[in-house]
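Engineer: In the order they appear, the protein sequences are chains L and S. Taking the numbering used here, I'd label the letters of the first sequence as residues 1 to 114. Taking the numbering used here, I'd label the letters of the second sequence as residues 1001 to 1112.
Don't take every hint at face value.
Stated by the list, open to error - In silico SDA-like pairs for lysine to any residue, Cα to Cα no more than 20 angstroms straight-line:
| no. | chain 1 | residue 1 | chain 2 | residue 2 |
| --- | --- | --- | --- | --- |
| 1 | S | Lys-1099 | L | Glu-58 |
| 2 | S | Lys-1042 | L | Thr-102 |
| 3 | L | Lys-36 | S | Thr-1104 |
Rather than coming from a laboratory, the hints here were simulated on the basis of the structure.
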Amino acid sequence: DTAVSQTPKYLVTQMGNDKSIKCEQNLGHDTMYWYKQDSKKFLKIMFSYNNKELIINETVPNRFSPKSPDKAHLNLHINSLELGDSAVYFCASSRTSVGTDTQYFGPGTRLTVL
Amino acid sequence: ILNVEQSPQSLHVQEGDSTNFTCSFPSSNFYALHWYRWETAKSPKALFVMTLNGDEKKKGRISATLNTKEGYSYLYIKGSQPEDSATYLCAFKASGTYKYIFGTGTRLKVLA
Chain L
1 DTAVSQTPKY
11 LVTQMGNDKS
21 IKCEQNLGHD
31 TMYWYKQDSK
41 KFLKIMFSYN
51 NKELIINETV
61 PNRFSPKSPD
71 KAHLNLHINS
81 LELGDSAVYF
91 CASSRTSVGT
101 DTQYFGPGTR
111 LTVL
Chain S
1001 ILNVEQSPQS
1011 LHVQEGDSTN
1021 FTCSFPSSNF
1031 YALHWYRWET
1041 AKSPKALFVM
1051 TLNGDEKKKG
1061 RISATLNTKE
1071 GYSYLYIKGS
1081 QPEDSATYLC
1091 AFKASGTYKY
1101 IFGTGTRLKV
1111 LA
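Using the sequences and the accompanying hints, generate a full structural model.
Structural biologist: In C-alpha cells:
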C-alpha cells in the first residue's frame, strides 16, 4: 500500500493554463506538506496543513493555492502557469506538526510548463 | 535567513570504504534535525530524527551524531556498498516554527 500518493506523476501543460496536483496519505497523519524541488535541487517548503488548518504559507506566488478537504488530502492548485513553475513538486505527511516526527514523502509530480 | 549547508556536495568512494559527511545549521533555537536518504527517481526516505545535543543514532552501517552547540551533524557510512549510492539530505527545524529548512544534500556514489 502506498503511504503517500500523488497524481499525476507527470504533468505537461501550456503557459497560462490552470492545473491541480492531488496528494493523499493513508497513514492517519495530521500534518501534510507541499515542497518544490527547484532547479538547483533544493527542497523548499511551500505550504503545510495540520488537521486541515494552514500552518505554513511560504512566500510563493498567490497563483498557488493549497486545499485540504480533509486531513488525508492536500491538493495544490496552480493558476496561470508560467515557465518558471516547471519543477518537481513533492507532497509529504507527518504524524503531527511537532517537528520530531518523520516526514513521509510522495513520489513527486514533475510539472513541465511549455 | 536560516542556512543549512551540507558538505561535500558530492563524493565517490570505493566499495568497502567508510565515509562521512556534514550538515551545518544555526546553533541557536535548535529543535530537531532530520536525515534523509534520497535515491535517484525516488522520494526522500527518513533515516534519523535527532533532537538532543550529543545524540548518536545508528541503523545498520549508517550512523549519525549531533552537536547542537556548534551547529553540526555528521552522517557516517561504514563499509560503503553500491546500494548506498544516493543523495543524503539533512533538514533543520528551529523552535517556534513549523518550517523545515533542507540542505542541498551530499550526493554519494559508491563504486563497485
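Engineer: When you check the alpha-carbon spacing of S:Lys-1099 and L:Glu-58, does it fall within 20 angstroms?
Structural biologist: 9 angstroms, holds
Engineer: Does L:Thr-102 lie within 20 angstroms of S:Lys-1042 when you go C-alpha to C-alpha?
Structural biologist: 17 angstroms, holds
Engineer: Below or equal to 20 angstroms on CA atoms is what counts here, so check L:Lys-36 against S:Thr-1104.
Structural biologist: 13 angstroms, holds
Violation of the numbered hints given earlier is absent; every hint is satisfied by the structure.
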